[in-house]
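**Q** Here are the chains, one letter per residue:
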Amino acid sequence: GEDVEQSLFLSVREGDSSVINCTYTDSSSTYLYWYKQEPGAGLQLLTYIFSNMDMKQDQRLTVLLNKKDKHLSLRIADTQTGDSAIYFCAERAGTALIFGKGTTLSVSS
Amino acid sequence: DTAVSQTPKYLVTQMGNDKSIKCEQNLGHDTMYWYKQDSKKFLKIMFSYNNKELIINETVPNRFSPKSPDKAHLNLHINSLELGDSAVYFCASSQGALGTVDGYTFGSGTRLTVV
Numbered sequence: 001g002e003d004v005e006q007s008l009f010l011s012v013r014e015g016d017s018s019v020i021n022c023t024y025t026d027s028s029s030t031y032l033y034w035y036k037q038e039p040g041a042g043l044q045l046l047t048y049i050f051s052n053m054d055m056k057q058d059q060r061l062t063v064l065l066n067k068k069d070k071h072l073s074l075r076i077a078d079t080q081t082g083d084s085a086i087y088f089c090a091e092r093a094g095t096a097l098i099f100g101k102g103t104t105l106s107v108s109s
Numbered sequence: 001d002t003a004v005s006q007t008p009k010y011l012v013t014q015m016g017n018d019k020s021i022k023c024e025q026n027l028g029h030d031t032m033y034w035y036k037q038d039s040k041k042f043l044k045i046m047f048s049y050n051n052k053e054l055i056i057n058e059t060v061p062n063r064f065s066p067k068s069p070d071k072a073h074l075n076l077h078i079n080s081l082e083l084g085d086s087a088v089y090f091c092a093s094s095q096g097a098l099g100t101v102d103g104y105t106f107g108s109g110t111r112l113t114v115v
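Line order of the protein sequences matches chains A and B. Residue numbering for the first sequence follows this note's numbering, beginning at 1 and increasing consecutively. Residue numbering for the second sequence follows this note's numbering, beginning at 1 and increasing consecutively.
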């Protein structure tokens, strides 16, 4: 079945770049997503990338997709303390989104 | 206006009880979902309804029963609650046609604690 893997923790200093990595299994996924969950809140869609793209940039966020290796990454430039949250990678399988286990990003000042 | 609203936000109950969680969306979406997030923050899909029809029914105990009275509502009823049911339950909705770019809009979650 579909599976999405992420490393569980990432710790960075304020102002540094953060890179969160994800691997997925379903090569037919048309869209891949990044969601952010702040403490005690639901998930918010951060960005997405269509499977025929290699890269997508949206302000401080850069998404890179290596379809051959089924590898997705999210780079956050100039990471701020407000970026501390759990980041979930997700692939679309039919009408359902399959989520990775989430990467907890901790930003220290 | 809240797009996807769940009630209650917190639910503390004893083992063996039956409880319901309600979800409503005002986005006009045709697909709704229930996800369970455990204590390690892992998210797993439980159910999905499209226009009141069950389309995803993952392996969950049959003590969990979803009900969709109309496409704007998806409720989750849980019978004979067990300690292991303690989790945060998220409702979500999407305009769910295959291949569209839409992600999901999530509710803020219901934290269920079974004691």
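The hints are simulated quantities; they were obtained by calculation from the structure and are not laboratory data. From the three backbone atoms N, C-alpha and C, an ideal C-beta is built for every residue, glycine too. One thing to keep in mind: the hints can contain errors.
Claimed, not checked - What follows is a list of derived Cβ distance ranges for each label pair:
{"id": "1", "chain 1": "A", "residue 1": "Asp54", "chain 2": "B", "residue 2": "Asp18", "range": "44 to 54 Å"}
{"id": "2", "chain 1": "A", "residue 1": "Asp78", "chain 2": "B", "residue 2": "Asn79", "range": "32 to 42 Å"}
{"id": "3", "chain 1": "A", "residue 1": "Glu14", "chain 2": "B", "residue 2": "Asp38", "range": "48 to 58 Å"}
{"id": "4", "chain 1": "A", "residue 1": "Gln44", "chain 2": "B", "residue 2": "Arg111", "range": "30 to 40 Å"}
{"id": "5", "chain 1": "A", "residue 1": "Asn66", "chain 2": "B", "residue 2": "Thr113", "range": "39 to 49 Å"}
{"id": "6", "chain 1": "B", "residue 1": "Glu58", "chain 2": "A", "residue 2": "Ser28", "range": "14 to 24 Å"}
{"id": "7", "chain 1": "B", "residue 1": "Asn62", "chain 2": "A", "residue 2": "Glu14", "range": "22 to 32 Å"}
{"id": "8", "chain 1": "A", "residue 1": "Ser7", "chain 2": "B", "residue 2": "Ser20", "range": "29 to 39 Å"}
{"id": "9", "chain 1": "B", "residue 1": "Asn62", "chain 2": "A", "residue 2": "Gly40", "range": "39 to 49 Å"}
{"id": "10", "chain 1": "B", "residue 1": "Ser80", "chain 2": "A", "residue 2": "Lys67", "range": "38 to 48 Å"}
{"id": "11", "chain 1": "A", "residue 1": "Asp69", "chain 2": "B", "residue 2": "Glu58", "range": "24 to 34 Å"}
{"id": "12", "chain 1": "B", "residue 1": "His77", "chain 2": "A", "residue 2": "Asp3", "range": "41 to 51 Å"}
{"id": "13", "chain 1": "B", "residue 1": "Asn62", "chain 2": "A", "residue 2": "Ser28", "range": "25 to 35 Å"}
{"id": "14", "chain 1": "B", "residue 1": "Asp38", "chain 2": "A", "residue 2": "Ser7", "range": "35 to 45 Å"}
Claimed, not checked - Interface residues of chain A toward chain B, partial, derived using beta-carbon atoms under 7 Å:
{"id": "15", "residue": "Gly42"}
{"id": "16", "residue": "Leu46"}
{"id": "17", "residue": "Ala96"}
{"id": "18", "residue": "Phe99"}
{"id": "19", "residue": "Gly102"}
{"id": "20", "residue": "Leu105"}
Said to hold, decoys possible - For lysine to any residue, the following SDA-like pairs were computed, each having C-alpha atoms within a straight-line distance of at most 20 Å:
{"id": "21", "chain 1": "A", "residue 1": "Lys36", "chain 2": "B", "residue 2": "Val101"}
{"id": "22", "chain 1": "B", "residue 1": "Lys36", "chain 2": "A", "residue 2": "Glu5"}
{"id": "23", "chain 1": "B", "residue 1": "Lys41", "chain 2": "A", "residue 2": "Leu61"}
{"id": "24", "chain 1": "A", "residue 1": "Lys101", "chain 2": "B", "residue 2": "Lys71"}
**Q** Cβ-Cβ distance between His77/B and Asp3/A: within 41 to 51 Å?
**A** violated, 30 Å
**Q** Do the numbers back the hint for Ala96/A, that is, is its least Cβ distance to chain B under 7 Å?
**A** Holds, because the Cβ-Cβ distance from Ala96/A to chain B comes to roughly 5 Å (cut-off 7 Å).
**Q** Between Asp38/B and Ser7/A, does the C-beta distance stay in 35 to 45 Å?
**A** violated, 18 Å
**Q** Starting from the hint 14 to 24 Å, judge whether the C-beta atoms of Glu58/B and Ser28/A obey it.
**A** Since Glu58/B and Ser28/A have Cβ atoms about 20 Å apart, the given range 14 to 24 Å holds.
**Q** At the C-beta level, are Ser80/B and Lys67/A separated by a distance inside 38 to 48 Å?
**A** holds, 45 Å
**Q** Hold the hint about Gly102/A up to the distance rule: shortest CB distance to chain B must be less than 7 Å.
**A** This interface hint holds because 5 Å falls under the 7 Å limit.
**Q** For the pair supplied as a hint, Lys101/A and Lys71/B, confirm whether the alpha-carbon distance does not exceed 20 Å.
**A** Roughly 29 Å between the alpha carbons, so the hint for Lys101/A and Lys71/B is violated.
**Q** Evaluate the given range 44 to 54 Å for the C-beta pair formed by Asp54/A and Asp18/B.
**A** Because 51 Å falls inside the window, the suggested range holds.
**Q** Between Asn62/B and Glu14/A, does the C-beta distance stay in 22 to 32 Å?
**A** Distance hint for Asn62/B, Glu14/A is violated at roughly 49 Å.
**Q** Between Lys36/B and Glu5/A, does the CA-CA distance stay at or below 20 Å?
**A** Distance ~18 Å between Lys36/B and Glu5/A Cα, so the pair holds.
**Q** Does the Cβ pair Asp78/A, Asn79/B satisfy 32 to 42 Å?
**A** Taking Cβ atoms as reference, Asp78/A and Asn79/B lie about 50 Å apart, which means the hint is violated.
**Q** Can we keep the Leu46/A interface hint, with Cβ of chain B closer than 7 Å?
**A** violated, 9 Å
Going down the numbered hints, you'll see the structure goes against 2, 3, 4, 7, 9, 12, 14, 16, 20, 23 and 24, while the others check out.
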